[in-house]
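S.K.: Model the placement of chain B on the given structure of chain A, informed by the hints.
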Amino acid sequence: MKALSQRRRHPLAAVVLLLLGLIVTGGIYAAASGANEAQAATTYTADDVQQGEKLFIANCATCHGMESTGTENGPSLVGVGAASVDFQVGTGRMPMAMQGPQAQQKPAQFNDEQTAQLAAYVASLGAGPSVPEEQYLETTGDAAAGGELFRVNCAMCHNAAGAGGALTRGKFAPALEGVSEEHIYEAMVTGPQNMPVFSDANISPEEKQDIITFLKTVEANGSPGGAELGSLGPVSEGLFIWTAGLGLIIAFTIWLTSRSS
Amino acid sequence: MGDHSHGSPNTSGTVATAGQGVEGEFQNPGLPPHRPRLADTDPRAEKRAEKQVAILFAISVIGTLLFFYAYFFIRLDETIGTLRVQNLFLGLGTAFAMLGIGVGIVHWAKTLMPDHEVIEERHEIRPEEDRVVAEKMIGDIIEETGIKRRPLIRNTLLGAVALAPLPAIAMFRDLGPLPGDALRHTMWDNGVRLTRDPSGTPIKASDVTLGSAFHVIPEGLNDAEHKLEEKAKAVVLLMRLDPSELNPSPGREDWSVDGIVAYSKICTHVGCPVALYEQHTHHLLCPCHQSTFDLTQECAVIFGPAVRPLPQLPIAVDDEGYLIATSDFTEPVGPSYWERG
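Going down the list, the sequences are from chains A and B.
Going by the numbering used here, the letters in the first sequence line up with residues 31 to 291, in that order.
Going by the numbering used here, the letters in the second sequence line up with residues 607 to 947, in that order.
Pulled out of the complex, with its shape left as it was, chain A reads as follows:
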């Protein structure tokens, strides 16, 4: 401890402290951001619907109403379709922990079977987008075409590298890294939260597959420039260069003007 306190006025102490701070913050962030999972079946039986209704009344009816027609705390679910349930419940956004600007992603509360049962019940209320077919979830599409579609339709909110971004009043477009192919597809079809709907009439299933292929290609290839610093553009890159870069310049300046021992 004594050795440490003796070195606290060393010219490089500030630089070391700065680097430590950057490493710790980065490490905590990397540890805190997790992945998600969950898959769902596509055919539902009458039993699924029945089980789903039980789960719905126990877990969802408080906000969405006993008849799923909505209350002042939650919207009607008639016609939102199985895809919507699979996305919202499968990513843990529903049931919400509390009312807020938007539902946050968290570990899913229900397992795949329960999610499918809930989806079956909600799908039985009225026609809506169904869970996507497997063939459109394979990452064998055209990544270049998907990239163009992504930049036109998605990049303004989700960031050109899919790193997410801020919206108004506490709302935000989430990062797309680690989101399953199924959930990406369902988000486009259903338009969860404040995201607009990109129906099959706007972006065809094949084009959606291209977009998914693009996102997964970007994810697999990594950043061509090395450290991506969250892909947030000038904010994180500027912060880095203003702290690390200027720190380095200051360290060199101090060394230049110091006397040799």
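Everything labelled a hint here was simulated from the structure, so no lab data went into it.
Among the hints, erroneous ones may be present.
Claimed, not checked - Listed next, with one range per pair, are the computed distances between beta-carbon atoms:
#1 A:G268 <-> B:D795: 25 to 31 Å
#2 B:D924 <-> A:G268: 48 to 54 Å
#3 B:G687 <-> A:G268: 25 to 31 Å
#4 B:T688 <-> A:R289: 28 to 34 Å
Claimed, not checked - Chain A stretches covered by chain B per the calculated footprint, using a threshold of three residues with CB under 8 Å from any CB of chain B:
#5 176 to 189
#6 213 to 225
#7 228 to 236
#8 279 to 291
Every residue gets a Cβ at the ideal spot worked out from N, C-alpha and C, and that includes glycine.
M.R.: Then chain B, alone, in the frame of chain A:
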């Protein structure tokens, strides 16, 4: 340069004070005594410093070699990985090549080159005689040219100097055509179909479901001569709301189709694409400076630095059910400019 620079390095420590001795005046404290460095007194330290400098220069050599190794021997293949490795080593090689020389020279100067203190006196301020001489020279020049006595020469010279820069103005004016009325018009016109960006396929009104957002370009844009220039003005965002949520002002009642509205995507602040659409709040957000436009109030600005609402494109449905524009934008799109009221 003062006398002290001629002393031996180790004895040039102090400087005599100015010694005016007046009470309260600042006394020149002189320089602190010279402190010899380790390399000045210990031959082993000197040898060590010499070696360190040589190692730093050698690092520079290795950096240069590393650059050429990466340049010639790291072969790029299909993956991004090799490009990343090559970039890394090109950068590291250049950095070591430069830093090795720089750090080496500084270290050399700090440890081995003479470090005796040097005092340089200020130059004396020029005396009054010099000023008088200079004044006389200028007076002589004016007198000998006779410019005061020959107003014809003076006036023609003034005229020539005043006119000479005019060709430059003409040349700079030729650098580009003036925009003319290009800022007021876009490709949109009566009957032009709304098509998807980037494919250019037309959009049926029935395709636009509630909550949808379409990114739209005018029909024929992909074949246009100046495609990017036209696109930069003509891009449109198409959205469908519940018709009861639209509050059209008088004259704009027939600009929408069953709650489908089309607005220019170019921000009226500095021209970023305003394409962040929140389907429940019906807000459009500009990613550059957070200007927020409210669709339910004809895209009036509700937050941020923009001062004009986004221009609305009047739309209708043609016989085949496709969406068409009924005219161009009725006002210039994009940021304000000087000729605009």
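S.K.: Could you run down the list of hints and mark each one as holding or not?
M.R.: So, going through the hints one by one against the coordinates:
no.: 1; hint: A:G268 <-> B:D795: 25 to 31 Å; verdict: violated (43 Å)
no.: 2; hint: B:D924 <-> A:G268: 48 to 54 Å; verdict: holds (49 Å)
no.: 3; hint: B:G687 <-> A:G268: 25 to 31 Å; verdict: holds (27 Å)
no.: 4; hint: B:T688 <-> A:R289: 28 to 34 Å; verdict: violated (46 Å)
no.: 5; hint: 176 to 189; verdict: holds (count 6)
no.: 6; hint: 213 to 225; verdict: holds (count 4)
no.: 7; hint: 228 to 236; verdict: holds (count 4)
no.: 8; hint: 279 to 291; verdict: holds (count 5)
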